[in-house]
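Student: Letter by letter, the chains look like this.
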Amino acid sequence: MDLRYGVEDDDFRAEVREWLEQNLRGEFARLRGTGGSGREHEEIELRMAWERALGAAGWIGLGLPREWGGRSATLLQQVIFAEEYAKADAPGRVNHMGEHLLAPTLVTFGAITLQRRFLPGILRGEELWCQGYSEPGAGSDLAAVRTRALLEDGSWRIDGQKVWTSNAAFADWCFVLVRTEPGSERHRGLSYLLVPMRQPGIEVRPIVQITGTSEFSEVFFDGARTDASCIVGEAGDGWRVAMGTLGFERGVATLAQQIGFERELAHVLELARANGTIADPDISARIIDAWIELRVMRYHALRTLGSIEPGAASVSKLLWANWHRRLGELAIDVRGPGATTLTGTPYELDREQALFLFSRADTIYAGSNEIQRNIIADRVLGLPRR
Amino acid sequence: MDLRYGVEDDDFRAEVREWLEQNLRGEFARLRGTGGSGREHEEIELRMAWERALGAAGWIGLGLPREWGGRSATLLQQVIFAEEYAKADAPGRVNHMGEHLLAPTLVTFGAITLQRRFLPGILRGEELWCQGYSEPGAGSDLAAVRTRALLEDGSWRIDGQKVWTSNAAFADWCFVLVRTEPGSERHRGLSYLLVPMRQPGIEVRPIVQITGTSEFSEVFFDGARTDASCIVGEAGDGWRVAMGTLGFERGVATLAQQIGFERELAHVLELARANGTIADPDISARIIDAWIELRVMRYHALRTLGSIEPGAASVSKLLWANWHRRLGELAIDVRGPGATTLTGTPYELDREQALFLFSRADTIYAGSNEIQRNIIADRVLGLPRR
Amino acid sequence: MRFEFSEDQQELRQTVRGFLERHATPDVVRAAAEQGSGFAGSLWKRLVTEMELTSLAIDPALGGAGASFVEVGIALEELGRTLLPVPFLPTVVAAAALSEAADHHGAVPLLERIVAGAAATIALDAAHASATSRGGAITVSGTVPFVADGAHAEFALLATTLDNQPALLAVELAGPGAQLDAQPTLDQTRSLATLTLSSAPAACLTAPAAGAQAIARARDVLAVASAMESIGAAARCLELTLAYLHDRHQFGRPIGSFQALKHRCADLHVALEPARSTAYYATWTVTGAPDELAVVGPLAQLVAGDALLAISRESIQLHGGIGFTWEHDAHLFFKRAKSSELLCGGRRALRTLIGQRAGIV
Amino acid sequence: MRFEFSEDQQELRQTVRGFLERHATPDVVRAAAEQGSGFAGSLWKRLVTEMELTSLAIDPALGGAGASFVEVGIALEELGRTLLPVPFLPTVVAAAALSEAADHHGAVPLLERIVAGAAATIALDAAHASATSRGGAITVSGTVPFVADGAHAEFALLATTLDNQPALLAVELAGPGAQLDAQPTLDQTRSLATLTLSSAPAACLTAPAAGAQAIARARDVLAVASAMESIGAAARCLELTLAYLHDRHQFGRPIGSFQALKHRCADLHVALEPARSTAYYATWTVTGAPDELAVVGPLAQLVAGDALLAISRESIQLHGGIGFTWEHDAHLFFKRAKSSELLCGGRRALRTLIGQRAGIV
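Protein chains in written order, with the working numbering: chain F, 119 to 504; chain U, 119 to 504; chain H, 40 to 400; chain Y, 40 to 400.
Don't take each hint at face value.
Unchecked claim - If the Cβ cut is set under 10 Å, some of the chain U residues that face chain H in the computed set are:
| no. | residue |
| --- | --- |
| 1 | L142 |
| 2 | E411 |
| 3 | V414 |
| 4 | G500 |
| 5 | R503 |
If you are wondering where the hints come from, they were derived from the structure by calculation, not from laboratory data. Fair warning: this is a prediction, and the values are worked out from it, not measured in the lab. No residue lacks a Cβ here, since even glycine has one placed at the ideal position from N, Cα and C.
Chain F with its partners taken away, still in its complex shape (with noise of 0.2 Å):
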């Protein structure tokens, strides 16, 4: 057990952090603290901009082999860039979906025609792709996918529903979860296609929050049409694919997000000093207990670092959701009688207002704390399922 940072973590620092601060200048100065959670409608096109602006520089895929374009770097190195991105409030990720979930993906399971087509264009943030799982009857359940696709004349045709997708309306490409067995049931029979989403089979829906803002579409395929090859390991192995991509993670973006939260948590902190709800016991007794819990929540991210056991992304999701609802429920505490009145219309919400109610997200998506206690007692704790 040793928890300093070596000598070439902190060199590896300097260099991102310098990295930063030559480059989030001039037109870029604008997108600090843009984007993210709850902000993904904020200036898109020049995120774009910026998404390639770190591929040139070879910022995406770092934990990629250098073969495929990435760095190689340990996970260690990973977590310091993330790190230091959001210490310099660079904006929120517009490729996220297709850096961190589909590229390991397609190195694990996906055949090299379509390494060799996809990874470049991710790598330089050419690229944008968005999640087509959820569906309207398929949420926590999620083997209860019913969108289809078959081959035809050498390419497939999907018909169906996602929803929940983010980033959909400005992603060029959609890794989606489809049954091309018909009449399959459960994981069985589910394939992982990619597939064009400029195309006119395509429609994207926004989905209204309660925020009014849409940070969420839905996504109708009406006939829409991927090539043959478009497909992530074999016909029917899709589930296992999709599964997969769920286990990438390993702790890194927990870390980074943790900076962002500090900064929210700081923010709360300055705007209780500012109005005098500091000198409120229950006030500053929620303030500390957020505090804490955030340190805790690094030490415990800390600790299972590249951890694959089951659970340990389930701990980390109950514990960072919980807490930034709740630290919704703080901010606007803080804010007090004036919270209840917007700043303009249409419902035009300050920082608090929107962090109290988008935060109520956090413990619906990307599996619900519902789905996270089942997989917690079953896959951790072993308790018998019947």
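With chain F held as given, fit chains U, H and Y onto it using these hints.
Tutor: Leaving out everything else, chains U, H and Y in the frame of chain F:
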């Protein structure tokens, strides 16, 4: 809606108060505050004499029809009696089971011969009862009862084991749920027998609790006997009779119990003022919350008094059990570090320590929190079973 | 002693519920909230003139129905179920305050206007404005935030100081020196405005020594009204959630059959029902036991608010993704819950007030 | 950076766990708790002489193993699992404080006595006693409550004032002027005593200006030790509970298959594992990052204590009736949890301390 007491209620209250004042004197004076939950071991003999005094004055079985020796008292009068009894700090009743569970069961389901045989003993305070429902393998799942009884030579022969029986050590009789049809399962084939406790076939072993005292016992039946006539309802009809028993209380005891809760809370407040912990915002908040919740329980008990709706008793049980358990935690926190040492050996607890430890049982016995939530979800909210 | 509502009261509830189920549909509520700056104007008119709901507890001599506050509470609860944006709550609390000042100069004509269909509002934090009298003429100045339904009311009852004494004043909102600015709201089913007063003419409704008590009592009545509204909203929100748990299937069964969700719903029921009992008790004390109101009013507001917050919070979670959409009504209940809590000064302030009035702290 | 324990550390854990599983069985713990006034004497002797656990982090020059506090933490965690009543925690915290005062007069012989098998205790609330020096001789007087394992220790480290300056003193418990009264305890697996000092001779272990800091640091090390002990107890308590949920059948299935219970157990796991991470991190800071200790020590104690309290509380509930019996071990964990919380001054005091040290309040 009119929440005032009528003149006749005030008169009745004055009569009860007067009698208690005149009679909790002399040797009975020292009974004030004895007995009750967690202190059933106190002053047993004298409390039995007190029970007979209550019976002689006609205060037992108030709600029973006059033809059975009761007073045909209204529900509100029963509440008034119980409240005044609690306000006088009169001792915990040694025959709660007989008066409030068995007596109405006999009136509703019992043969007239059984009513004639057993009601007078209960109403005179001369025959004390205990309840034989739970078993080691049948706790929350009462229908799993395995204690068996067979008719042999004009009497029932009973073999098996009951557990969590209050007052088993001094009760004269026990009402027991047993399986009388060999091979029957679940709710079928059960019968409700009345069994004399003082016989060679019965052994009572006290269960030591986490308080170091014994509130409950195990009761072993090894060829115990009772007369063939000592069955309430038909053979095989025991489940219906036993479930009927659970519905008789209708909120009277709940309102009286709150008088004792008020006294306990007042004591905690007094202690917090004396030792200065009331200045701790956390402690004062918890005391105010406890006070608020106790008022809420009172209003709710008044609204639901007499209710036979499914779930009313479950809501009431959850409310008071959780409240009382929290009060135990509050009491010990008000005591502070001093509560880590005892006043004497072996394991002599003071008031707060006893409250803290004993109240852990409140959410378990008489239908655990989990069972109450099941009842509410299934029978009140109508949520689907599967 | 009987806790049940009388037959007349039960009939009133059925009548109001039936009317609202027909007319205050989710679409109507939604349209008023999103487009009408928080005011379902035509429906309000029918509630006032056809149903005569605002004059329920007003003296029959003035054209009212002469009922107790229990009847008003029933109407509040039923309106709470719908979240319909109408100025009912401030109007009936104003009517209650005016009725208690009815022997005082100026109250009677205002009550008659309410009977005739006027909406009123009430602002009870005396810190925001102050008044002076000169030669019998009173003028008031100040800036009063968060005036409920201010934009739809004809006049306001205002807690303030008159020549440095606490007093309850009446101010004409369309009169000289009064300016209302409607605010966009987090909870769109609740209309709020800022009232700016510059030497606006006002009438005083309280005797010099009685102002503080009248203000305190009006606040407690407001607390009860808020409790009843919250109970209605909480009950409706729980019903909608339970219905969803029946309908939504995942893993081949209705999600309402999953025990973890069942137990959480049971806990919500255990939060709601005692809060309901408390709110009912509190409505009775307004007329039936005025001495108890100072404790029971805030207490009812606190526990009813807690129940609504707990239920609406869980409602979003139990609905999953759909509960997080603008299109679904779950967020309307949640926003109502939180804004109610914020506007009453927060749960901690209420608790401390109760602790003080109960003699604990 | 690596968070995992080294191979040596993992081996140490296995060795200690193996020994304790063989010898510190529930029966042994029970007998010591109920009959031996909270002291498993013969097993303690083996832990100290055979396993040499108390000298793990003592300088090899004095006969210790020269390990870091991480190794001590591992032993604390393993002992925490058993609830074995032995004076390990106060002895190793005293050893840590003595090691930091090792260049000071008097510390070395005391460390050598610990290596030779002596138990020590430590009392860090300076308010209970005061000392004066006269001609180089120091005497201390006062009444110190809640001295952990006082009855089984040879000497005590005492936070106090020496001539009005904060100082850490060593006092011989069998010496003149020192009287120990063992107290019966709520948590019978924890031995407590009251120490009465009447001009007892004492040795000072800190330089005049360094006393306050040494006391503060000893308190933070104590916090870490308590955290590790709590984590061990919490983990064991959860394991026992999960095993029961597997074994106990009701309604024809193991009760651990009921989803409401599963979700509660999942939440307990989510309380435990991050608290474990925090406690491990804190043990590392004792030697590895002393600057962080002042915040991380109390923080670890707080969250580990919370986890133990939550788990042991739910353990009783999840066990049902049997969990409420004296015979079952569930109550031992619960009583340990609550007494740990009470003895550290309560969760609120800890939180406030952390808030101050973090610069929040």
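Student: If a hint holds in the structure, say so; if it does not, say that too.
Tutor: Results for each hint:
This hint is violated: L142 of chain U has a C-beta 27 Å from the nearest C-beta of chain H, more than the 10 Å allowed. Because the beta carbon of E411 of chain U sits about 8 Å from the nearest beta carbon in chain H, less than 10 Å, this interface hint is met. For V414 of chain U, the interface hint holds, the least distance from its beta-carbon to any beta-carbon of chain H being 5 Å, beneath 10 Å. Interface hint at G500 of chain U: satisfied, since its Cβ lies 8 Å from the closest Cβ of chain H, which is below the 10 Å cut-off.
With a cut of 10 Å, the hint placing R503 of chain U at the interface with chain H holds, because the nearest CB-to-CB distance is about 6 Å.
Violation of the numbered hints given earlier is confined to hint 1; every other hint is satisfied by the structure.
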